[in-house]
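These protein sequence lines map, in sequence, to chains A and B. One gets my numbering by counting positions in the first sequence from 1 and adding 47 to each. One gets my numbering by counting positions in the second sequence from 1 and adding 16 to each.
For the record, the hints were derived by calculation from the structure and aren't laboratory data. These numbers come from a predicted model, not from an experiment. It is possible that some hints are incorrect.
Stated by the list, open to error - Cβ pair distances, simulated, as ranges:
1) A:S501 to B:G94: 37 to 45 angstroms
2) A:G264 to B:K89: 45 to 53 angstroms
3) B:G52 to A:E211: 29 to 37 angstroms
4) A:S176 to B:S195: 22 to 30 angstroms
Glycine included, each C-beta is placed from N, C-alpha and C at the ideal position.
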Amino acid sequence: MSKRSKARPALNPSKSPAASGSGTKRRGSSVAWLVGLGVLVASGVVFCALVRPGRVSTDSALQLAASISNERPYQPRPPGEINFNRHIAPIVWQQCAGCHREKGGAPFPLLSYAQAKARARDIAKVTQSRYMPPWLPEGGVVAFADERRLTLEQIGLIQQWVAEGSPEGPAGELPPLPAWSDEWQLGRPDLVAELPEPYTLPPDGRDVYRNFVLPMGLKEKRYVKAVEFKANTRVLHHVFIRFDRTRQSRRLDAQDTETGFGGMALPPAVESPGGYFLSWQPGRGPVRSRPGLSWAIQPGSDIVLQAHMQPSGKPERVQPSVAFYFTDEIPTNSPFKIGLSSFELDIPAGAHNYERRDSYVLPVNAQVLAVLPHTHYLGREVEGYAVLPDGRKQWLLKIHQWDFNWQSDYRYREPVSLPKGSRVEMRMTFDNSSENPRNPNQPPVRVKYGLQSSDEMAELWLQLLPENAQDGIRLEEDYARRLVEDIIAFQSRMLEQNPTNAHAHAQLAKALLSRRQLAEGLAHLRQAVQIDPNYEEAHYHLGVLAQDSDPAVAEAEFNRTIQINPENFKARNNLGLLFMRQGRLMEAEEQFQAALQVNPGDRTVMGNLELLRRAQTGK
Amino acid sequence: MRAVAFFVTMFLVALTSTLRGADPLAAEARPVGLDGQPVDPFQSGKATVLLFVRTDCPISNRYAPEVRRLHDKYESQGFNFWLVYPDPDETSDEIRQHVKEFAYPCRVLRDPEHVMVRLSKASVTPESAVFTTDGRLIYHGRIDDRYVDLGRKRPAPSARNLEEVLSSLARGEHVSASSAPAVGCAIPTLP
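Just chain A, same shape as in the assembly (with noise of 0.2 angstroms):
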């Protein structure tokens, strides 16, 4: 929201004082508030994750990858030789006892002989099938930063151990045990925010989603270096990290009888750190940024925590906390998420290996810092890769069998450079098949696109890092046309199948405008209010068109919005400014106070409300 924070009338519709939504954080492209469609911002996209800092070539992250695919399988060793104290606790403490110790989150411990020995059997199944410890991408491809990932050799100790009867070995060989803190791992943070009410999780039934919301507290800007999450319970399955300006989630929450709100489309204000991925999933530490690369988080911000649950056999009180580290340093560069996706996805029922793929032509030299991966219970295989210009092959990422849940983002080891001109490429299969256990129905239906979990989505993100300010810019307007251009493809296609589809309409609409076609555009939002009389958005949109060539058009399309959404302060801010501009000053005042209301210290609305004060007092 920062390029609008300037106070300043709105006067045509891509400069309204859209005060949130704009995923991103960016100088001004006159697209920027696409990017910040629902459909996107609604998906997995978060996240601050850094990787160490240091560039490396193409060539040597090639030759990186290539040295970890050589991974040399195991190499049986002599009968009798292997024993828990000095083969199979390092492995053990190091891979699984971050979670699997006491407080650890882990439904038991493995610290010692006794603990390991009873659970044997189980070690050897989960980490043969790699269930355990939870860690999606394949080895071999793109190395990761913190992977929770046993090598081959490991696993193949574990195996011999435990067919060997789990031997102890001699007191001797146990190295010491390692500590492990249940305290913040960076020390003391600067803000701490806790769940306020704690949840109580029914002990039965499906998974529960569920968005909790944390007030800060925040005074002031600041910028953040680290943030660690730390879960209260074992229930807790992942987490995204979200924030949110205005009271818009806080009302959602108190709407609610019980703590928190459901569903998992979130209230368009409700953004990711721009640029960033900030999520948590069990053994997951703190998410550092790297130096230069801090981000801000606006005063009077509220965490809003989007948290999958998983119920236990008992009910389980859910009361997370989150905690940041502050710096003084200004970010000198900043990344930028570019999200592959899908929108398309008709996936025709009992269908076992339904494909889609999406690529994007890098505009720019970039570094890729991170990855994150969407998709729900349908998907299987995920394939991230460049193709470089030279058509070398560049990989990504490399999911074998996706699990929603233990989904997360991941930080290369070192940034993947890509020169401009690669292409990064997205493809992803999905098993809508009986055969599937995950498949929400049964029997199976046609599934199409959508947030629900019972919907399927295909998203692949890229935190980019250009090499300056100006490839930034660059590559934010050259994706934010793509994004256009991709939303207007769609949504027509969804208008032949559907002519009085009132939200295809209204994105159509949207797209349009932001590419100047105002005539366009307008048709299409006029159908979609003429289809459903109470499309909120079709009805701002409409405000906005008209705010200077029809002002009275404006007022009852404002008032409209205003009637079916008290809490939209958008199009208070608007209809106060149209007053302003009308001389009715104390109406104005009325719609900035209560635009204020649902959204405190908006930059753009505070801006508003001083021209108003300066206008009442006499210039």
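With chain A's structure known, arrange chain B on it following the hints.
Chain B alone, transformed into the frame defined by chain A:
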């Protein structure tokens, strides 16, 4: 003791078809209650339902509400529900705490010698076994098919195997012996 248990099993196999109403357990091989006293879970009624659980198996714990539901529906129809804790390292105090925490309504027995494990052919927790009053094992295996493998589960079960057996028995129908593989935490073999 294992030899005794083995003998008991063989004895059962030989006798259950002929000895209606016989006590399937030799006194010295009986599992124990939380007070350490031997317990005979095979009492009068339509059938005995054993549910193998442990305190720290997440899959077994997740079934607690389903166990409660089945207990509440069928205990009053003449079925005897027992929770069986096969891990000899779990103490009676830990088990009492666990039963309270997960609000299990069933009676409890410990099976440190795995007598019931063998009789029931149980291999994991959670796993169920249904015995008729004459001591015949007529079902053993999963409670339902929610879990396909460790880490792979359906959003909801598509087959409630245990309940199908119980409802057939409740209606007085003839039930032939069956089993279905259970998914859960392996019951460790005794040293």
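Checked hints:
At about 40 angstroms, the CB distance of S501 (chain A) to G94 (chain B) agrees with the hint of 37 to 45 angstroms. Between G264 (chain A) and K89 (chain B) the beta carbon distance is about 50 angstroms. The supplied range of 45 to 53 angstroms therefore holds. Between G52 (chain B) and E211 (chain A) the CB atoms are about 35 angstroms apart, so this pair conforms to the stated range of 29 to 37 angstroms. Take S176 (chain A) and S195 (chain B): their Cβ atoms lie about 23 angstroms apart, and the range 22 to 30 angstroms holds.
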